[in-house]
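Peer 1: Each chain is listed here by its residues.
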Amino acid sequence: MTTPAQVLELSGLTVRRGGAAILDIPSFSLGENDFVSLIGPNGAGKTTLLLAIMGLVEAGKGCSLSYRGTPVDSAAAQLAFRRRIAMVLQEPLLFDATVYENVASGLKIRGVGGQELKERVYAYLERFKLAEMAKRSARKLSGGEARRVSLARAFAVEPELIFFDEPFANLDPPTRQSLTDDMDRVIRERGIAAILVTHDQSEALRLSNRVVVLNGGSIVQDGTPAAVMNAPVNEFVANFVGMETILEGVVLVNREQQMTLKVGDLELDAVGEQAPGEQAYCCIRPENVTVSIDPPYSSSARNVFKARIVETASLGPLLRLRLDCGFPLTSYVTRESFAKLGLVQGGTVFASFKASSVHPITKR
Amino acid sequence: MDLIFDGILQAFRLLFTLDREVLGIAWLSLKVSGLATLISLVLGIGLGTLIALTSFPGRKVLVSLVNTGMGLPPVVVGLFVSILLWRNGPLGFLELLYTPSAIVIAQSVIATPIVMGITIAAMQNLPANLRLQILALGATRTQLVWMLIKEARLPLMAGVMAGFGGVISEVGASIMVGGNVKGYTRVLTTATVMETGRGNFDIAIALSVILLLFCFLINYLLTLIQQRERPR
Amino acid sequence: MNRILKLATGLMTCLMLTLLILSPAGAAPAQKNLILATTTSTQDSGLLDVLVPMFEKQTGYFVKTISVGSGQAMKMGEKGEADVLLVHSPEAEKTFMAQGFGVNRRLVMHNDFLILGPANDPAKIRGLKTAAEAFKKIAQAGALFLSRGDNSGTHAKEKGLWKAAGIAPEGQKWFQQTGLGMGETLNVAAEKHGYLLADRGTYLALNKKRHLGLEILVAGEPKLLNIYHVIEVNPAKWPKVNHAGARAFGDFMVAPATQGIVGSFGTKEFGAPLFFPDAGKKPESLGL
Numbered sequence: 001m002t003t004p005a006q007v008l009e010l011s012g013l014t015v016r017r018g019g020a021a022i023l024d025i026p027s028f029s030l031g032e033n034d035f036v037s038l039i040g041p042n043g044a045g046k047t048t049l050l051l052a053i054m055g056l057v058e059a060g061k062g063c064s065l066s067y068r069g070t071p072v073d074s075a076a077a078q079l080a081f082r083r084r085i086a087m088v089l090q091e092p093l094l095f096d097a098t099v100y101e102n103v104a105s106g107l108k109i110r111g112v113g114g115q116e117l118k119e120r121v122y123a124y125l126e127r128f129k130l131a132e133m134a135k136r137s138a139r140k141l142s143g144g145e146a147r148r149v150s151l152a153r154a155f156a157v158e159p160e161l162i163f164f165d166e167p168f169a170n171l172d173p174p175t176r177q178s179l180t181d182d183m184d185r186v187i188r189e190r191g192i193a194a195i196l197v198t199h200d201q202s203e204a205l206r207l208s209n210r211v212v213v214l215n216g217g218s219i220v221q222d223g224t225p226a227a228v229m230n231a232p233v234n235e236f237v238a239n240f241v242g243m244e245t246i247l248e249g250v251v252l253v254n255r256e257q258q259m260t261l262k263v264g265d266l267e268l269d270a271v272g273e274q275a276p277g278e279q280a281y282c283c284i285r286p287e288n289v290t291v292s293i294d295p296p297y298s299s300s301a302r303n304v305f306k307a308r309i310v311e312t313a314s315l316g317p318l319l320r321l322r323l324d325c326g327f328p329l330t331s332y333v334t335r336e337s338f339a340k341l342g343l344v345q346g347g348t349v350f351a352s353f354k355a356s357s358v359h360p361i362t363k364r
Numbered sequence: 001m002d003l004i005f006d007g008i009l010q011a012f013r014l015l016f017t018l019d020r021e022v023l024g025i026a027w028l029s030l031k032v033s034g035l036a037t038l039i040s041l042v043l044g045i046g047l048g049t050l051i052a053l054t055s056f057p058g059r060k061v062l063v064s065l066v067n068t069g070m071g072l073p074p075v076v077v078g079l080f081v082s083i084l085l086w087r088n089g090p091l092g093f094l095e096l097l098y099t100p101s102a103i104v105i106a107q108s109v110i111a112t113p114i115v116m117g118i119t120i121a122a123m124q125n126l127p128a129n130l131r132l133q134i135l136a137l138g139a140t141r142t143q144l145v146w147m148l149i150k151e152a153r154l155p156l157m158a159g160v161m162a163g164f165g166g167v168i169s170e171v172g173a174s175i176m177v178g179g180n181v182k183g184y185t186r187v188l189t190t191a192t193v194m195e196t197g198r199g200n201f202d203i204a205i206a207l208s209v210i211l212l213l214f215c216f217l218i219n220y221l222l223t224l225i226q227q228r229e230r231p232r
Numbered sequence: 001m002n003r004i005l006k007l008a009t010g011l012m013t014c015l016m017l018t019l020l021i022l023s024p025a026g027a028a029p030a031q032k033n034l035i036l037a038t039t040t041s042t043q044d045s046g047l048l049d050v051l052v053p054m055f056e057k058q059t060g061y062f063v064k065t066i067s068v069g070s071g072q073a074m075k076m077g078e079k080g081e082a083d084v085l086l087v088h089s090p091e092a093e094k095t096f097m098a099q100g101f102g103v104n105r106r107l108v109m110h111n112d113f114l115i116l117g118p119a120n121d122p123a124k125i126r127g128l129k130t131a132a133e134a135f136k137k138i139a140q141a142g143a144l145f146l147s148r149g150d151n152s153g154t155h156a157k158e159k160g161l162w163k164a165a166g167i168a169p170e171g172q173k174w175f176q177q178t179g180l181g182m183g184e185t186l187n188v189a190a191e192k193h194g195y196l197l198a199d200r201g202t203y204l205a206l207n208k209k210r211h212l213g214l215e216i217l218v219a220g221e222p223k224l225l226n227i228y229h230v231i232e233v234n235p236a237k238w239p240k241v242n243h244a245g246a247r248a249f250g251d252f253m254v255a256p257a258t259q260g261i262v263g264s265f266g267t268k269e270f271g272a273p274l275f276f277p278d279a280g281k282k283p284e285s286l287g288l
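Sequences listed follow chains A, B and C, in order. Letter by letter, the first sequence follows residues 1 to 364 of the UniProt record's numbering. Letter by letter, the second sequence follows residues 1 to 232 of the UniProt record's numbering. Letter by letter, the third sequence follows residues 1 to 288 of the UniProt record's numbering.
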């Protein structure tokens, strides 16, 4: 059953707490170089799934786990397996010691010592721009620095798999951005598989090649970011991902950030920094899309498409329209304008949105 | 007033001329209470960590018992240890009554719950996810326990010092199980009581000054420790 | 968790072993240790600080002097927790001997009890011939009297004197029990300006160091004698006692050289001896 491309294969995983099942995953696997974004509401079991894979929560009977085709079935195998993984939790959880000691801790646990330890620790201190503060006490670090140390500590053991559980929550956007970039860079350099628990969809889009949606302890959807965002399998996923329109395109021109992308057979105007030839996701929020019966002549909207109303759904005072204009597009309209415009399902409208409403994210 | 003034003067003279008897008593106090603290450190931290890291039925009751034990009256301990160590008592064959070892045992019994209680509290005050983080770094159970102890070392040290401060200044148990035998089981507190009874206020004051000095040093270190913070 | 348990058990065992090795009882033969249960007055006067090292040097025994009241000392003897007693509570000692707890009771020395009080002597007892008269006057005047109340030899003597005077002082407002040793009770009486019964040795030793403001008001009656006996705890009752050591200590106490030291102890410091050696004498010769 094992295909060599799978790094990790898991089947029949259940975790119970207080009699109730909090995780029930018939099967889950992780391929070589997979970067999975794990999303879902609080209490969906995201953290528990990571801990279960590491053997840090007790799984129910019938669970089997194999790593590169070798079953992880004994205490010794489990420890060896756990030592192939690194995990970065929400809080930095540094030890009350120097930055150096913190980064060295995982290696010391593995019995690495002497010159080798020193070299490896310094390599990762430098990689995460921490060499200058090696001797500093972990108690005297800022929030961003502390998380950088916790990243370096995780990567220093040179894991074959790495898990992140909302590692950069509560940080200011620039710090968060810089840490995410560092994390991403090292993962790609090392070519390892990763799972990231996140609440940030753009982060999921930007970093991962796969999105897994977890709800109530079960996997509800598992696919590429675009598939999950654009084609949610059910109402829950749709509501959870917010029905943002996500389109894949190629940049044709970019003149002082005013750019045109080719999406399918159509062209979109957007504002962004991507260079011509680069692939990007275009994200369009439904509240920024307006619909009209006639083409909007006097509008500043650069993107105007003729569209068919595929589906209407009620969202309280608003209606959600799913449109087809050669690509899927979602729009919100008030009930009042829906009646005034005389819209019907299956009818034709013009959908328009500004170039600045298109948020491009570079695709890897 | 004269009495106090002369007493203090004489006390410092005894201290600075390194009076052999006074120094001997101080040294014995340090040795006995230090050893008792060492024992309570191993037992208290070991058992405290065990209780803090495991869950079992009756755990809350046990923790309450330990916390009660933190205020164990020394005379009660002295009485029970005496009964155990009597020649014709259950542990009489060890011939430990009226020896420094007997004081060490009694003081260990007093200090162990103190160290244990503080250990439990210190372990429970560590970030909840720290255990997961250490295991996620690849630690075995033993490595986990060791690293947690290392992380809690400051409050644990505070616990150890609280234990030491408690036993070096207690008198009830020391006099009951040690007997205040001259040059053998006479410690700072029992000697102070005796010298006061004998009217040797100068020696009593000298002994008190040494005891106060020890207590001050302990509290100074405690304060230093308590003013440090944990990392993020 | 098992590993932690094992670790903890291992450490505990190690510590217990260390403790045993550290204990001198393990290092020296058991017979070397001799538990002497005695009264606070012998210790507080400093006599034992002179005699015990001499005895240890002569015989090689290691003496653990446990200084408690005579009553408690005899209780220790009854339970076999002491090897030899040096006590001063003749009535209680006779009972102790009659019950077979002790052997070879030997007269060692005496000093005397004094009735002390504040210089202004509110109960007007100064110069009275007998303790009974003095106690009666104290009771009549309702003047503060401080009793040891600790079942010691002095306390036993005091109770006997109250009985002889036909007074039951317990519960009276002017009668307070300290529950403390001789030296401490003297300190309390000095602070509170009260009367008390004290042994001459402790009084002289203490008054020398710190003027107590208490004066000797009644003394000299044969009934006020304070007689010390050495008693060996009966090895037939308690096989674990160090009887050889007890016998050696008894022999030491009545030996002429020791008796000489007893007789001269305190002369240099106080101008008068604190104790009078009586070894070999009959108790009757002391006027009892």
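To be clear, the hints were calculated from the coordinates, so they are not data collected in a lab. Virtual Cβ for every residue (Gly too), placed ideally from N, Cα, C. One or more of the hints may lead you astray.
To be verified - Pairwise CB distance ranges, derived in the manner of DEER restraints:
1. B:Thr17 x C:His211: 41 to 47 Å
2. C:Gly280 x B:Phe216: 41 to 47 Å
3. B:Asp6 x C:Glu215: 21 to 27 Å
4. C:Gly260 x B:Thr17: 29 to 35 Å
5. C:Ile261 x B:Leu23: 25 to 31 Å
6. B:Tyr220 x C:Ile261: 43 to 49 Å
7. B:Pro90 x C:Val50: 52 to 58 Å
8. C:His211 x B:Tyr220: 28 to 34 Å
What the hints assert, rightly or not - Simulated crosslink set (BS3-like; lysine-lysine; CA at most 30 Å straight-line):
9. A:Lys61 x A:Lys108
10. C:Lys268 x C:Lys281
11. C:Lys159 x C:Lys240
12. C:Lys208 x C:Lys137
13. C:Lys163 x C:Lys136
14. C:Lys57 x C:Lys137
15. A:Lys135 x B:Lys31
16. B:Lys31 x C:Lys57
17. C:Lys94 x C:Lys124
18. A:Lys340 x A:Lys363
19. A:Lys108 x B:Lys150
20. B:Lys150 x A:Lys118
21. C:Lys268 x B:Lys31
22. A:Lys118 x A:Lys61
23. C:Lys75 x C:Lys268
24. B:Lys150 x A:Lys140
25. C:Lys163 x C:Lys282
26. A:Lys363 x A:Lys129
27. C:Lys268 x C:Lys223
28. C:Lys32 x C:Lys79
29. A:Lys129 x B:Lys31
Peer 1: Which hints, by number, does the structure contradict?
Peer 2: 1, 2, 7, 8, 9, 11, 14, 15, 17, 18, 21, 22, 23, 29
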